[in-house]
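Colleague: Given the coordinates of chain D, assemble chain E onto it according to the supplied hints.
Those protein sequence lines, which keep their order, are chains D and E.
Just so you know, the working numbering puts 58 at position 58 of the first sequence, and the rest follows in order with no gaps.
Just so you know, the working numbering puts 157 at position 42 of the second sequence, and the rest follows in order with no gaps.
Simulated from the structure, these hints should not be mistaken for laboratory data.
Keep in mind that the hints are not guaranteed to be accurate.
Stated by the list, open to error - Distance ranges between label pairs, derived from CB positions:
| id | chain 1 | residue 1 | chain 2 | residue 2 | range |
| --- | --- | --- | --- | --- | --- |
| 1 | D | Lys-17 | E | Asp-193 | 43 to 51 Å |
| 2 | D | Leu-115 | E | Arg-175 | 25 to 33 Å |
| 3 | D | Arg-81 | E | Leu-225 | 42 to 50 Å |
Just so it is clear, the structure is predicted and the values come from calculations on it, not from any experiment.
The beta carbon of each residue, even a glycine, is placed where N, CA and C say it ideally should be.
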Amino acid sequence: GAGVSQSPSNKVTEKGKDVELRCDPISGHTALYWYRQSLGQGLEFLIYFQGNSAPDKSGLPSDRFSAERTGGSVSTLTIQRTQQEDSAVYLCASTTGGYSNQPQHFGDGTRLSIL
Amino acid sequence: QKEVEQDPGPLSVPEGAIVSLNCTYSNSAFQYFMWYRQYSRKGPELLMYTYSSGNKEDGRFTAQVDKSSKYISLFIRDSQPSDSATYLCAMKTSGTYKYIFGTGTRLKVLA
Chain D
1 GAGVSQSPSN
11 KVTEKGKDVE
21 LRCDPISGHT
31 ALYWYRQSLG
41 QGLEFLIYFQ
51 GNSAPDKSGL
61 PSDRFSAERT
71 GGSVSTLTIQ
81 RTQQEDSAVY
91 LCASTTGGYS
101 NQPQHFGDGT
111 RLSIL
Chain E
116 QKEVEQDPGP
126 LSVPEGAIVS
136 LNCTYSNSAF
146 QYFMWYRQYS
156 RKGPELLMYT
166 YSSGNKEDGR
176 FTAQVDKSSK
186 YISLFIRDSQ
196 PSDSATYLCA
206 MKTSGTYKYI
216 FGTGTRLKVL
226 A
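For reference, chain D alone in the conformation it holds in the complex (with noise of 0.2 Å):
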């Protein structure tokens, strides 16, 4: 597509419960970032994927939190057994190549709440 697009935007959930974010990055991109942006806060980094491998989890807060990616393309980030704390943006970028020296696109994140 012609930007970094995720659904839903907003996704309002109990505790407790389980999420799926969804991210579609730019055609061709092969490098992918998940991020969550808290309020009045800068962004935290959560994963990087280079094509479907995920060589860096490190940004991950929980075992609760889970990402993957299919045909090098869509990426799913998978929150567990929910907690108030989650509520956040969760944003997502691509790239030409994690190591392409070319910068991110995001798209409009998701925005979480969670009761």
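Modeller: Same frame as chain D, but now just chain E:
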């Protein structure tokens, strides 16, 4: 100390003013510098991308990199209320996949 420091603001200016937004950094290996604009409830939008030192101009926006001082700036001329947003700087070294972001400066341009 954070690798990238950015004043959170808010910075309030009257319409038509020249705005200067800045980031300082500690890693002298940074070579690639980016500025993003983020409107409320939207994702960061790439404004400027520069390599190494020097200036780059695009319309009302000028990005400046001073590697000797480890300082980058974004200047906005003839600021408009539509420029009201949060501005994020980002940096990268060669040979790594990680982008390091500032925390953002919130700008308000008053009509």
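Colleague: Is 42 to 50 Å right for how far apart the beta carbons of Arg-81 (chain D) and Leu-225 (chain E) are?
Modeller: About 45 Å separates the Cβ atoms of Arg-81 (chain D) and Leu-225 (chain E), which means 42 to 50 Å holds.
Colleague: Could one say that the CB atoms of Leu-115 (chain D) and Arg-175 (chain E) fall in the range 25 to 33 Å?
Modeller: 43 Å, violated
Colleague: State, for the Cβ atoms of Lys-17 (chain D) and Asp-193 (chain E), whether the hinted interval 43 to 51 Å holds or is violated.
Modeller: 48 Å, holds
Checked against the numbered hints above, the structure breaks only hint 2 and satisfies the rest.
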